[in-house]
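Asker: If you want the building blocks of each chain, they are given just below.
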Amino acid sequence: MASLDTGGDDGHKKGPGVKKAKKQSTRVDMTPMVDLGFLLITFFIFTATMSNPTTMDLNMPKDTDKKDEETKIKQSGSLSVILAKDNKVFYYEGDLDPTGANFKSATYKDIRNEIIRKKREVISRYVTDPACENEARSKGKSIDDCKQKDFFVVIKPTDDATYKNVVDILDEMTINKVSRYALVKPFDTELDAVRLSGGGGGTAAPATTPPAK
Amino acid sequence: MAKAKIQKKSTDTDMTPFVDVAFLILSFFIMATKFKPSEPVPIETPNSVASQVMPDNNAVMMSIDKDNKVYFSIMSKSDIQKGKEIIKEAAKRAGVTLSDADLSQYQDGEMIGMPFNKIKGFLALPPAQRAKVAQDGIPVKDSATSELVNWIGAAKYVFAGEQLKYLVKGDNSSKYPTFGAIIDAMKRNDEQKYNLVTMPQDAPAGTELYQERLKGK
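Line by line, the protein sequences are chains A and B. First residue of the first sequence? That's 1 in the working numbering, and the numbers climb one at a time after it. First residue of the second sequence? That's 214 in the working numbering, and the numbers climb one at a time after it.
Honestly, the hints are just simulated from the structure, not real lab data. Beta carbons are placed, not taken as given, at the ideal position from N, Cα and C, and that holds for glycine. Please note that a few of the clues may not be correct.
As the list claims (entries may be wrong) - Derived CB-CB ranges, DEER-like:
1. A:Lys104 x B:Gln376: 38 to 46 Å
2. A:Asn87 x B:Pro268: 25 to 33 Å
3. B:Asp355 x A:Lys62: 33 to 41 Å
4. B:Glu257 x A:Lys62: 30 to 38 Å
5. B:Glu404 x A:Val184: 17 to 25 Å
6. A:Met60 x B:Ala373: 16 to 24 Å
7. B:Lys345 x A:Thr47: 16 to 24 Å
8. A:Asp29 x B:Glu257: 38 to 46 Å
9. B:Pro268 x A:Gly140: 21 to 29 Å
10. B:Arg426 x A:Pro130: 24 to 32 Å
11. B:Asn385 x A:Lys104: 24 to 32 Å
12. A:Gly140 x B:Arg426: 14 to 22 Å
13. A:Pro32 x B:Lys406: 54 to 62 Å
14. B:Asn330 x A:Met60: 26 to 34 Å
The whole structure should be built from the sequences, with the hints applied where relevant.
Answerer: So this is what it looks like as structure tokens:
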């Protein structure tokens with residue numbers, strides 16, 4: 001390796017056996033510098049946060065005691081989604097059947113198809129509402145909101161659902177452009193139904209109640 | 214006759230361009246890196262298709278870690294005094310008096326997750342030591358004793374007349390009831406609009422949002 005030798009004294013010594021001073025190269029050995037450079041690069045690569053976090057809007061309605069201020073939803077257009085433990089999802093349309101006949105289980109993957117299907121179904125029933133459409137047009141919005149005005153998704157996270165589950169399902173609302181949805185506490189009947197089908201797919205459901213939290 | 218001398222060629226390579234490149238990349242990374250504020254607990258946020266950039270000024274953040282503990286942090290870059298005032302006000306509402314000296318160690322954006330009866334001793338510690346303390350989390354579970362209500366109320370009071378963003382940052386594996394308790398605390402302060410912190414993700418192909426974004430591009 002070439003290195004800068006600063007021992008310039010040799011030139012003055014004269015005598016037998018002393019070699020003539022060689023012309024020294026002025027090259028500097030860059031290897032340690034490269035080492036250091038790449039060390040720092042590695043450090044910065046590891047510490048770099050390339051993707052900045054984003055945020056998602058969430059608007060909660062005001063709690064109201066007055067009956068007439070409550071949001072009314074049409075039974076025929078409602079889809080209830082219950083988030084249970086172990087990333088399980090249950091859903092039903094309209095009101096919950098006492099026998100649990102319309103209580104179905106799904107995964108986070110196929111709940112999207114379910115939402116899309118239900119939304120299409122509601123839109124297909126849509127009778128042109130000129131008042132709503134005109135208002136949307138005058139505001140420069142698409143009339144899509146009018147078409148799905150009867151469609152309502154009720155999200156009911158149980159105590160076993162994780163935060164990620166909730167964000168995922170809220171995300172699903174954005175992805176599928178559902179304009180009306182709400183985050184609600186599940187009813188006891190729904191919790192019972194979840195417990196009954198807790199095994200998933202109806203195979204030997206455990207009868208034990210999960211410990212209350 | 215003298216034979217033509219074969220000159221010994223040096224095996225040295227010129228490293229200079231190599232160094233140039235290395236330092237070019239290095240400067241890029243130095244410029245692009247934004248250091249994360251120190252977090253006493255790592256929080257892994259879920260992904261979402263949301264594309265709004267997270268605000269880092271005039272905001273308060275409620276974080277939930279994987280053990281369902283809640284932390285409160287104030288981001289007031291332009292005026293660090295505001296953060297101190299919020300802590301003071303929140304403590305005052307809970308019947309704890311904090312002096313300026315108690316808060317002298319406070320840094321902007323720091324996560325505070327102590328119940329009010331322990332907050333005084335905690336804030337008195339130097340920052341380096343404080344980062345090592347395992348915090349208890351702000352009590353939220355019982356809505357009657359939820360201290361988060363005080364925190365949000367204090368933030369709202371100090372930021373009165375200014376725009377204040379509420380952020381919720383939760384860990385993937387934290388359970389819903391804690392998040393529910395935060396929603397509840399927000400409701401009790403008459404605040405309905407807030408943002409969830411997530412990591413960006415593309416809209417899944419074939420969905421309505423995907424098609425809309427395609428059109429927009």
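Asker: For Pro32 of chain A and Lys406 of chain B, compare the CB-CB distance with the range 54 to 62 Å and indicate the outcome.
Answerer: At 56 Å between Cβs, range holds.
Asker: Take a look at whether the Cβ-Cβ distance between Pro268 of chain B and Gly140 of chain A falls inside 21 to 29 Å.
Answerer: The hint (21 to 29 Å, Cβ to Cβ) holds, given that Pro268 of chain B and Gly140 of chain A are roughly 27 Å apart.
Asker: Quick one: are Met60 of chain A and Ala373 of chain B within 16 to 24 Å, going by C-beta?
Answerer: At roughly 21 Å between Cβ atoms, Ala373 of chain B and Met60 of chain A fall inside 16 to 24 Å, so the hint holds.
Asker: Lying within 17 to 25 Å: is that true of the beta-carbon distance Glu404 of chain B to Val184 of chain A?
Answerer: Check passed, 19 Å falls within 17 to 25 Å.
Asker: Asn385 of chain B and Lys104 of chain A, beta-carbon distance inside 24 to 32 Å?
Answerer: Holds - the Cβ-Cβ distance for Asn385 of chain B and Lys104 of chain A, about 26 Å, lies within 24 to 32 Å.
Asker: Kindly confirm whether 24 to 32 Å is satisfied by the beta carbon distance between Arg426 of chain B and Pro130 of chain A.
Answerer: Holds, at about 30 Å.
Asker: Could one say that the CB atoms of Gly140 of chain A and Arg426 of chain B fall in the range 14 to 22 Å?
Answerer: 19 Å, holds
Asker: Do Asp355 of chain B and Lys62 of chain A keep their Cβ atoms within the hinted range of 33 to 41 Å?
Answerer: 23 Å, violated
Asker: Is 26 to 34 Å respected by the C-beta to C-beta distance linking Asn330 of chain B and Met60 of chain A?
Answerer: 30 Å, holds
Asker: Indicate whether the distance between the beta carbons of Asn87 of chain A and Pro268 of chain B respects the range 25 to 33 Å.
Answerer: Hint holds: Cβ distance 31 Å, inside 25 to 33 Å.
Asker: Holds or violated: 16 to 24 Å for the Cβ distance of Lys345 of chain B and Thr47 of chain A?
Answerer: 20 Å, holds
Asker: Mind checking the hinted window 38 to 46 Å against the Cβ distance between Asp29 of chain A and Glu257 of chain B?
Answerer: Because 44 Å falls inside the window, the suggested range holds.
When held up to the earlier numbered hints, the structure conflicts with hint 3 and nothing else.
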